[in-house]
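Number of protein chains: 2
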Amino acid sequence: MSLVDALRAVVGERQVLVDADVRAPFEVDWTRRFRGSAAAVVRPGSADEVVAVLRACAEHGAAVVPQGGNTGLVGGSVPRGGEVVLSLTRLTGLGQVDRASLQVDAGAGVTLAALQGRARAAGLDAGVDIAARDSATVGGLVACDAGGVRAVRHGTVRARVAGLEAVLADGSIVRRTSGLLKDNAGYDLPGLLVGSEGTLGVITAVRWRLVARHDARALALVPLASLAEAAELLAAVRPLLPSLDACEFFTDEGLSLVLEHLRASAPVELRAAAYVLIECAAAADPLEELAAAFEAAGVEDALIADDTTGRERLWRLREAHTEAISAAGIPHKLDVGVPIDRLAPFAAAVHEAMPPDARVILFGHLGDGNVHVNVLGPDPDDDAVDEAVLRLVAGHGGTISAEHGIGVAKAGWLHLTREPGEIAAMRAIKAALDPGGLLNPGAVLA
Amino acid sequence: MSLVDALRAVVGERQVLVDADVRAPFEVDWTRRFRGSAAAVVRPGSADEVVAVLRACAEHGAAVVPQGGNTGLVGGSVPRGGEVVLSLTRLTGLGQVDRASLQVDAGAGVTLAALQGRARAAGLDAGVDIAARDSATVGGLVACDAGGVRAVRHGTVRARVAGLEAVLADGSIVRRTSGLLKDNAGYDLPGLLVGSEGTLGVITAVRWRLVARHDARALALVPLASLAEAAELLAAVRPLLPSLDACEFFTDEGLSLVLEHLRASAPVELRAAAYVLIECAAAADPLEELAAAFEAAGVEDALIADDTTGRERLWRLREAHTEAISAAGIPHKLDVGVPIDRLAPFAAAVHEAMPPDARVILFGHLGDGNVHVNVLGPDPDDDAVDEAVLRLVAGHGGTISAEHGIGVAKAGWLHLTREPGEIAAMRAIKAALDPGGLLNPGAVLA
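Line order of the protein sequences matches chains A and B.
Start counting at 1 in the first sequence, then tack on 725, and there's your number in the numbering used here.
Start counting at 1 in the second sequence, then tack on 725, and there's your number in the numbering used here.
Hints listed in this document are in silico derivations from the structure and should not be mistaken for laboratory results.
Where a beta carbon is used, it is the ideal one built from N, C-alpha and C, also for glycine.
Any given hint could turn out to be false.
What the hints assert, rightly or not - A short, non-exhaustive set of chain A residues, derived as facing chain B with CB atoms under 10 Å:
| id | residue |
| --- | --- |
| 1 | 735 |
| 2 | 870 |
| 3 | 877 |
| 4 | 1067 |
| 5 | 1070 |
| 6 | 1093 |
Said to hold, decoys possible - Here are some chain B residues the structure puts well away from chain A; computed CB gaps all over 12 Å:
| id | residue |
| --- | --- |
| 7 | 760 |
| 8 | 788 |
| 9 | 805 |
| 10 | 920 |
| 11 | 926 |
| 12 | 985 |
| 13 | 1034 |
This is chain A alone, in the form it adopts within the complex (with noise of 0.2 Å):
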């Protein structure tokens, strides 16, 4: 029997893909920037048949990329050349709210917004916000352990993560959906799954942790003579707020483009070099937590909004950055991290290190270290660039990744900022899980 056969007799016909056009929005992602052919798309209905999916791809060999909403920047989710892509769309049973232990089972293929719906209507929250919530999966934000500006309180999503199910590369099953906080029989192989990339197994489904809501809310927006004073200002202010639920940065470089894009005047009459935006949340009255913090820290100079109106305006200028940018040119883009208090010195190394023309636009999650770095003006295609910003990254004790991913775009570096033998460990681990290397191969490890 033809591979595409044995598809069939799992899934049934209509949810094995192979005309080029119904295939075509599988093999690209969203940035056009990664793309290649696929064998087939497979569209299985649930975990039974992922298992034998993958069995069915073991026999004939056949490579795998699992996908989930295709909302990656790392090109991990769509094929190379050849490989059967796996998508996990249509697992989209989501449970009710346990209400004892605050979880909620969903499958792989949950929307994160049908996720934080589910949240919301029972007086929680997902914990876990990103821009791409419309399509991006739950099975995917697990695969990729993403982050996002709430990482800051809550963790990033592998917090989120209180049990999974999933498919390994020999069709066995990983099931650990009992939502036990404490299980500590053996080793944690949910855990490895989270943010392997689809390299080690295949997430069918997720036990979520949610988090309670906060609905006050309260945020500033502190203008800052440098980066070094944005890190000052958070070991100043961090012990004393719990109730800390987002804190970003970004730089005039990327203040000016924002103000040129959305045809705005700057909030604050004095610019500044850095700006920090530190958003608040609790039950009740987080502002009165911020204004004593504030003024423990010496903190003179804030804008501060405490209504939905006013704190729109101000986030506004931390999130068109992307859109700024993007309007401006094609931009190098890196998802890395570096320690705090090493933001300051890493950020002018990158200036220093690019040509004199280049614009270089520095902004992200101050409280996690996580920097979106973009560089307009050199040739998009050319690596040196990236390369060049990542030995940076290194050299600051950083990581070439924060919550994007390695994917295929990073696999080359992995060696700047992972020791021999952390790279062999994995490696190691690879092939004991995938001897066959089937799943996701050229994603994570190159």
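Starting from the structure of chain A, add chain B where the hints point.
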């Protein structure tokens, strides 16, 4: 060169203990249930020395049992016979609290009490507490993914690990101590080492995530007609209690024993079948939140304490269980977990399965379904009693270990709550990272 000479060459003669009486305290656990003779006890003073010790042991084909404070309950840190005990208690480096990230670097040998002290001095909290805090070490807590009463709020020790340094069997070092909250570059080797009980690597240092300190506390003891009502109570109030800090349970059997042991009278006039302790902690005023939640849930009969004396008196009823049970005989003690909504049927099944003259006492952490099963009466050496309980755990969708670990005590029963495919994956990982099988042989995987 002999193994002992090779070890002496690494750490110096004084740090290799070979005399039987000097080795003795390292060869038996504190319950005196597990013991074995060690070839030597070696006490390295740095991660580099750990590397050299592991390399020397590998050259001599000598098995190694890593040991922290030796407070474990499942025999995972004492020799079975002839291994080298690798004691990490000299790794006591403890850094200053990083206020921007709320993290602190701690050597594997730092005690939990010392870590808690450092956190408190910075106005923060370690986020974990267990009774053995004065002896239990950071390395041991992480290797076993310890739990405790605060896990309902902060998660288990796993959630406290912002990074770690560990030595693998081949002497290579996993070093992720930059404290990057977001770092998804490659597989989460630190996460795999958490809870692996020294079978995949030796943890030498941890980057620990601290949490906010909550000084205002309110505690309620709620008498209920059944354990089923306890689970219902939790489901009714939990979504209303963002400041929930602990949620414990015990039953009339345990309380009788405790009151007898303490020679005290019952704190509630009407004796009940089950009791729930609910503690909230916040920067200020958790009592109001607690009272509002109880009103919404229709709880009328509760003892509430918001001063230190009153809280200590109520907590004593829960905390005295272990000593009261020990005073009454040598019990079968099993640390297990079941989904919260299965607690009542599980408890009924355990009572039914035990001999009629046995005293069956269940208590523990309701908020995370962690049950400590104690059975007084049957021969303490009769493994059939333990196995019967663990089979019931499996039948109720639970885990045979919640917070104590598998060690050697439960390795033979791992298959009860882990699928064959999962155990095969664990064995494959073990073989990949420790092909010689030299790290803590016999623990976790039989």
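Hint check results:
no., hint, in the structure
1, 735, "19 Å, violated"
2, 870, "4 Å, holds"
3, 877, "7 Å, holds"
4, 1067, "9 Å, holds"
5, 1070, "14 Å, violated"
6, 1093, "4 Å, holds"
7, 760, "23 Å, holds"
8, 788, "19 Å, holds"
9, 805, "19 Å, holds"
10, 920, "5 Å, violated"
11, 926, "9 Å, violated"
12, 985, "30 Å, holds"
13, 1034, "26 Å, holds"
Figure legend: structure checked against the earlier numbered hints; hints not met, in rising order: 1, 5, 10, 11.
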